[in-house]
Structure formats: structure tokens, C-alpha cells
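Novice: As a plain string of letters, each chain reads:
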Amino acid sequence: MNQPSDFLIISVILISIGIYGLVVKRNALRLIFSIELIANAVNLTLVAFSRMVSNPQGQIFVLFSIAISAAEVAVGLGIIVIAYRFYKDIDITEYKNLKN
Amino acid sequence: MIDLFSTPSLVTIVLAAVALFIPIIDALNKEKGSKNKIYSGISFGALVLALIIVIVRVVSSKTLPGLSLASNGVITDDVFGAFFSIAFILVSIMVAVSSWSYMKKKSNHAAYYSLILLSSIGMILIGYSTDFVMLLVSWELMSIPTYALAAFSKKDPVSNEAAIKYFLFGALSTAIIILAMGIVYGLSGTTNIYDSVIALTTLKSSLMPFGLLAAGLFIAGFGFKMGLVPFHMWLPDTYSGSPITIATLLAAGTKKAGFAAAIRVIIIGLIALNVHWSFVLAIIAIFTMTVGNLGALTQKSVPRMLAYSSLAQAGYILIGLAVAPYAAAGLAASLFHIMNHAVMISAAFIAATAVIVVISGYSIEKFKGLGYRMPITAIAMTIALLALAGIPPLNGFWSKLLLFGAAIDSGHQVWWGPYLAIAGVLNSALSLGYYAWIIRKMYFEEGENRVRQKEPKSIVAVLLFAIGFMVILGIWYGPVLNFATMASPGDLMQLIHIK
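Going down the list, the protein sequences come from chains Z and X. Here my numbering is used: the first residue of the first sequence is 677, the next is one more, and so on. Here my numbering is used: the first residue of the second sequence is 22, the next is one more, and so on.
Wrong hints could be hidden among the right ones.
Stated by the list, open to error - The list that follows gives simulated cross-link-like pairs (lysine-lysine, PhoX-like), each with its CA atoms no further than 20 Å apart:
# : chain 1 : residue 1 : chain 2 : residue 2
1 : X       : 127       : X       : 56
2 : Z       : 764       : X       : 175
3 : Z       : 772       : X       : 321
What the hints assert, rightly or not - Selected chain Z positions facing chain X (in silico; Cβ < 7 Å):
#  : residue
4  : 709
5  : 711
6  : 714
7  : 718
8  : 725
9  : 733
10 : 734
11 : 747
12 : 751
13 : 752
14 : 770
15 : 773
Honestly, the hints are just simulated from the structure, not real lab data. Glycine included, C-beta positions come from ideal geometry on N, C-alpha and C.
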């Protein structure tokens, strides 16, 4: 378990779990978890690649990416808190106002 | 590394200073009362200053490169970026000024204008970035404020629902873009866009599937924002649910920023990999046009109809991108249509804003008899819709003509080129169906009454500017077309192999 390819396999598994969660789950928080899982698996890929091509640019990229996804989740959670105030529930199947 | 006096740095400094300054003075100021007008005015001033900086730079400098790919830093200073900046700043100005009327009765003005300015900085930097890290950071600087803005009507469940849909798809698209950038980095060992494209031209054939996977992921990731067809599910809901000035910003601004990123990355990257894959873009273009126009035909709410129409227009723009490797005029035509569409769709959405502010209703039934009740709004809406449909003396006609012309030109090299032009013409005819329907409602049907309503002043100003832009550019389109031609790289093949 020390080759870059091992980390790539792990990140592919994590991405698959994330996509499964996005497709199957209907709870808004779980959807955010799934998206974060994909984002972090991608970060792992970048670090693994950075080791494979042996330059540090990939790791710098990951630092930016982590900071950005933190900001993104903060905004997303804020939106979901407001949704909870309307519906007392965060099941996205409830949100049907926009269907014509 | 970063030259402080290059256009992108100057514009960023001006806009960011104002964007951060507005919330600070709002927090320090204890006076009661709405400051909407002041903040709107300050944002307008900052955006105009930014516009002047960009225009002066383009006009004064003879040596500005068209589309410069190679750069030592993370941003470059070229005509391509300037072209997109002007489109984005025009959209932001129209949004900020029309918000003067729209935001009058609402709260949190400081945050609203500050977020609009931050989002426009992000859009501008996308046009200039030459490095994947910079592209990602500016992409998120554009996206995150718009998530908050889409949910800005806190008391309105519809706005919140629009924001949730937008946020979930937006966050997923960001993850997909980072994955694509990661794969390209793994294949090439650098995050500089130009260097990695050069590395991709000499890619081993055993690694080719990964290169194509990265290209596909880029199309998916940027396609979410551009609203290309398999990735468009959120778009009509978000555009019709979010506050309508923000829908303007999304339809006219962030959508075009997606195209800026796509030209910087996908078009040039695909050529490096294998040029035949732009057939995929052609198929997506046809589906996007058709789904957008068919969807719009059945809508009852005007913002929703405009959302589907902007979906269809993304398809037209994509024609130019798909034929870019085969017809030199393709990208220039796309850029020209991007500039035109930014103003046309803003004008249509802002005319709908005026109707919402005065009559308070989204439904197409509210547009009955608008020609008597709100004459300037009605005429602006009519001209915008005719320009979107591509009726001859207006600007939309010329850019569509050039796009379809480029598609026919590419027929010398690829069999599918002319079919794109045919699909585009048929779709334009189809789109006239629902554009003409709105116009008919406004002028040929009796509304509740014929009393002339007071139209909001700031919106009238924006609409008059938009009418001027659409009509004057329709008659005298030379300068903008020249500008678009300067910004487009011309022969893409040469760009990659000789430079």
C-alpha cells in the first residue's frame, strides 16, 4: 500500500461511493456529504499524482481546493438551514414549488 | 510574478476594494434607513471605472496579444480576456442599476451589491486565467456569491429551492472540474494550461483514454454552468426561482463565463488530443438548441420561458465552438454572439423585472396589454425578443448569420458542418413561435386596463441603453465584430503546433 496507484484506486472507490450517495439519497445533508466525499477523493487523486510526477504543484492545488470547498459548504449549509425553517425537514423531494 | 498594472489586476483591485468597502461602511454606519441608492450608485461607479480601464487598455495598446496562451504567471493580459470582461461588466452594470428599483423594498442591500461585485470579479478573472489553479479559484469566486444571491429572498421558499438546486449541481460541477484538472495534471505534470496542452499533444496512445476522460469531465463540469443539454436540469428552475435580477446575472454572466473557460481549456485541449472529437460538441449543440426551444414553447411563466430560451442560445454559441477547428471564423462568430446574447437576454430579463416591480407577477397573462400600460418596457422586451430570434436589422441576426456561415464553411472539411447550420436555422424558426407569442400578448390582447403605469426610472435607463446597443449594433456591427476577431485566435491548429 505505498504506490501512487493504490491511492488512485482508493479515490476511485470513494468517488463511486459519492456518486451512489448522490443518486440514491434524498436528504440534503447527505447530498452535501456525498459531494464532499467526491471533492476529497479528487483531492487525494491530486496528491497521488503530485507524488507520481514528483513536483509540488498538485499539493498546492489541493490546498486551494480544500479552502474553496470549505467556503462552498458554508454557503450550502446556510441555504439548507433556511430550507429547514420553511419545511421542518431537509428531504429534497419536498421541494416541488418550481415544477410547472 | 503578477504585474500590478496589467488590466486584470487593476480591475480586480478596483472592484474588490469597493466590494469589501460596502459591507464595512454598512456595519459602521448606525443611521437608520435604506442605503439602497447609495450602494447601487457606488457599485455602478466602480463597474464603470472597471469598464473604462479595460476599454482604454484595449484601445491604447497596439501590442496586446489576441489570445495569449503561454504565460509565466497565472493570469495574462490579452484581448480575449478584455472581450469577455467587457461583456461581463456590461451585464453587471445592467444588473446593479436595475437593482436600484428591484431592491427598494428588500433588506440587506450592502451584502447584495457586494456579492454582485465579487461574482463579477470571478467572471472577469476566468477570461484572463492561464493556469488551472487560477481558473479554479476564479470559477469559485464567481459561483459561491451566486449561490448566496440565488437564495437572497429569505422569506421566499421558491428562491430557497432554486438556490438548493443550483448549489447541489454547482458543487458537483466544481468537484468534476477539479477531477478533470487533476487528471490533466497527472498526465502532463504541470498546472499551466498551455504547458499541459503541449504535453497532451505528445501523449502516449496507451494514455489516450485518460486524456479523453479529462476532456469529457471538463465538458460536463463547465457544461453545468453553460447549461448544455444533459447537464441542464437545474437551469430552468434556478433561473425562474431566484430573484430575477440574479437570474439576469446567471443567464447573461455566469453562463458566458462557462464559455470563456471552455474556450480556454476544452477547445484547445481537444485539438491537442484529437480534433475529431469536436463532433461530440456538435451533437451536444443540436440537442441543447432543440431541448431549449421545445421546452420554452410550453411555459406559462416569462422568466422560465427566457431560461429555456437562454438554454437554446447556448446551443447556438456552441456551434461556433464545435466548428472552430475547421472554420477560422467559428470562434469569432461565437464570441460575437456571446457579447450580443449577454445584452439581449439581460434586456429581456430586466424588462420582466420591470413588470414584476410594477404589476408583481411572473405569469405571461400579466403581459397582456403591456404595450399600453408600460410602453418602454414593452418596446424593449419586443426588440430583445426579436433580436434573440435573429430578425434582420438587429444585432442577433448578424451573429447568428456568422455562426451558421462558419458552420457551412466547415463543410469543406467535415460532413456534419452544414447540418449544424440547418439545425440552427430550423431552431431559430421554432423559437420565433414563443417569442412572437409574448409580443402578441403585449400588443394585441386587452389587459386589465389601459392605464399607463409609472415605470421605474433606473430600469428604463437600462432598457434604453439595451435598445440602443441592440439597434445600433444591428446597423453598424463592424467594431464589435473586429474586436471579436481580434480576440479569437484564428487558426487554432497553428496556435498549438508552431508556437
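Novice: State for each hint whether it applies.
Specialist: Here is what the structure says about each hint:
1. Pair hint residue 127 (chain X) plus residue 56 (chain X) holds up; C-alpha atoms about 11 Å apart against a cutoff of 20 Å.
2. Restraint check: the Cα-Cα separation between residue 764 (chain Z) and residue 175 (chain X) comes to about 15 Å, which is no more than 20 Å; the hinted pair holds.
3. Under the criterion of a C-alpha separation no larger than 20 Å, the hint pairing residue 772 (chain Z) with residue 321 (chain X) is consistent with the structure, at around 17 Å.
4. Taken as an interface hint, residue 709 (chain Z) does not check out: its beta carbon lies about 11 Å from the nearest beta carbon of chain X, beyond 7 Å.
5. Because the beta carbon of residue 711 (chain Z) sits about 5 Å from the nearest beta carbon in chain X, less than 7 Å, this interface hint is met.
6. Hint status for residue 714 (chain Z) relative to chain X: holds, with the closest Cβ pair at about 4 Å, below 7 Å.
7. Here the hint on residue 718 (chain Z) is kept, as its CB sits about 5 Å from the closest CB of chain X, short of 7 Å.
8. A least Cβ separation of about 4 Å between residue 725 (chain Z) and chain X falls short of the 7 Å threshold, and the interface hint therefore holds.
9. Against a cut-off of 7 Å between C-beta atoms, the interface hint on residue 733 (chain Z) holds, since the closest Cβ of chain X lies about 5 Å away.
10. Residue-level restraint check for residue 734 (chain Z) holds (minimum Cβ-Cβ distance to chain X is 6 Å; threshold 7 Å).
11. With its C-beta approaching chain X no nearer than about 6 Å, residue 747 (chain Z) sits inside the 7 Å limit, and its interface hint holds.
12. With a least beta-carbon distance of about 5 Å to chain X, the hint placing residue 751 (chain Z) at the interface is held under the 7 Å criterion.
13. Of the supplied interface hints, the one on residue 752 (chain Z) holds, with its beta-carbon coming within about 5 Å of a beta-carbon of chain X, less than 7 Å.
14. Hint status for residue 770 (chain Z) relative to chain X: violated, with the closest Cβ pair at about 9 Å, above 7 Å.
15. A cut of 7 Å between beta carbons decides the hint on residue 773 (chain Z): the least distance to chain X is about 5 Å, and the hint holds.
Of the hints listed earlier, those the structure fails to meet are numbers 4 and 14, in rising order.
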